[in-house]
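Asks: Fit chain B to the supplied structure of chain Z, relying on the hints for placement.
So the chains spell out like this:
Number of protein chains: 2
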Amino acid sequence: MMKINVEKCAKILKEQDDILILMHAHPDGDTLGCGFGLCRALLKMGKRARAICADEIQKKYDYLYKDIDMPEFEEKFIVSVDVATESLLGALEEKYAGKIDLCIDHHGTNACYSEYLLLNADAAAAAETVLKVIKALRVKIDKHIADCLYTGLTTDTGCFRYASTTSNTYRAAAELIDLGAENGRINRVMFETKTWSYAALERLAIESMEFFGNDRICLITITQDMYAKTGTSEDETEAIPPLTRQIEGVEIGLTLREKEDGTCKCSVRTYESVDASKLAAAFDGGGHKQAAACKFSCGVEEAKRLLVEESLRLLS
Amino acid sequence: MMKINVEKCAKILKEQDDILILMHAHPDGDTLGCGFGLCRALLKMGKRARAICADEIQKKYDYLYKDIDMPEFEEKFIVSVDVATESLLGALEEKYAGKIDLCIDHHGTNACYSEYLLLNADAAAAAETVLKVIKALRVKIDKHIADCLYTGLTTDTGCFRYASTTSNTYRAAAELIDLGAENGRINRVMFETKTWSYAALERLAIESMEFFGNDRICLITITQDMYAKTGTSEDETEAIPPLTRQIEGVEIGLTLREKEDGTCKCSVRTYESVDASKLAAAFDGGGHKQAAACKFSCGVEEAKRLLVEESLRLLS
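Those sequence lines, one after another, are chains Z and B.
Sequential numbering from 1 applies to the first sequence in this note's numbering.
Sequential numbering from 1 applies to the second sequence in this note's numbering.
Bound-form chain Z, shown alone (with noise of 0.2 Å):
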């Protein structure tokens, strides 16, 4: 693995063709942001590639993509963006695991799989980098390009309030609305918009709402149940977590999902006293300090008493 800068990351693109980019499983705006906007640059280039990642899409994300005309070849050169680690690609993992020649990330916790790696932990989002990395191969960044990098900034920083945001976040930002990005519209089908069967799930998912650790802990539980009765899915709960830390005083929010299999995972949210990743990585998870996620293989109540009694620790 060679840790590589933004100009040697362009260079190394420009000398390839027929590259496959990949995104990571349960794609969120970010990963798809990078992976649809770099497939577009490199297509402007005159070269062939292709994005692609394990599961659906969101139907929320059509326009990332749905007017890109993406060729089929046999990769020779192959990308991973947002990616931390190999096992994030899911269905993916088993084909291409220890195939990725290139990894363009932004999160801390990378396991350095790579054969090169473009790492910059400071940017909010993986966008930010490969803004600079299109600029380095001077493309021309038209508005599908800026409306794919400006979804990646928005969504991995909770429209710019999250405290990763940086000044550099607020000036890619500008640079992608000049160039196009319509950022007004993007928002809204990004932050605003609920479903009615999602405002259902919402409702449910508030009423589920735990207070442990006089109130410095908030755990909300979704189960299949409630999946039932509104008509949703597991794709449609990204925007509950940060529903755990909007109560003042609460210090770590969790976000209890049950699986199919009885088994459940855990989304973790905090503010600064407590670094999330350190809580999702005693149950082998990982992640961001403010946002990170962990698996476990027994039912929501015996994860409940684990998380609840981890959390306990960390915080005194």
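In case anyone wonders, no lab produced these hints; they're calculated from the structure.
The model shown is predicted, which means the values in this text are computed figures rather than measured ones.
The hints are all genuine.
Since copy identity is lost for identical chains, a pair holds within one copy or between any two.
Simulated crosslink set (DMTMM-like; lysine to aspartate or glutamate; CA at most 20 Å straight-line): (1) 194 to 272; (2) 60 to 248; (3) 229 to 207; (4) 289 to 182; (5) 194 to 207; (6) 304 to 284; (7) 11 to 115; (8) 47 to 67; (9) 194 to 215.
Replies: Frame of chain Z; chain B shown alone:
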């Protein structure tokens, strides 16, 4: 009334002393950020200045002004910030109407009531313009001024979310962060933290939602009874109106707030398809294209009937 530009505005302020700054009643982050930001800048220039408003300032805004030592003096020059009409001065209107020398504002509906008017209707927040004025005054912007102006930007744009946010808004934010504005902390206080009592009120507000016109109109009603039940007051309701337009398909979001005397007022939120200020104007109110307000001398049920009728007319 004379419309002036930023340079002229700075020139006028340089020549004046004993400057009273007026902020609007029910003060929000933009009027407060502008008022105290400008006041700090004038004090740094060695002038006497004071910023005031008619109503109590919410505790969460403490950091904008608690450390300022504002002198007493007889005002020789009166400036209003983010005040579209003199009636928005509330209890200060009687004393100062007709006496305002300079107004710095961003409302297209500004009533042109001041001797000099610096109006930038393209700015998402008045703080964008006040930042330019302070720079033109050649005052070194410190962390406190930066916090004030950043607060104006972020509160008037729903944390850089609304369609009114331009690349200039993002650039101003980047500049202020580099000057020390604590974006993470400010956004946490403004947007993330819900008090227990507010969380209870929000739940009741969501339960009160009614839909009209094939679900294109969403109406929330907040009654005095709800305040009593949750231990909240009208001052804590500013985050409620945005909830009305979050459900898919809603084009007009109405939030009716019952006052102590049984009359009520309404906050209007819309998307591009409807001009909120037009709807408000039908009831002698005003505001922006996507956020406006109006008052009623009747109770909530009658106001509801009138509002829904007028909304249906605008949608047809």
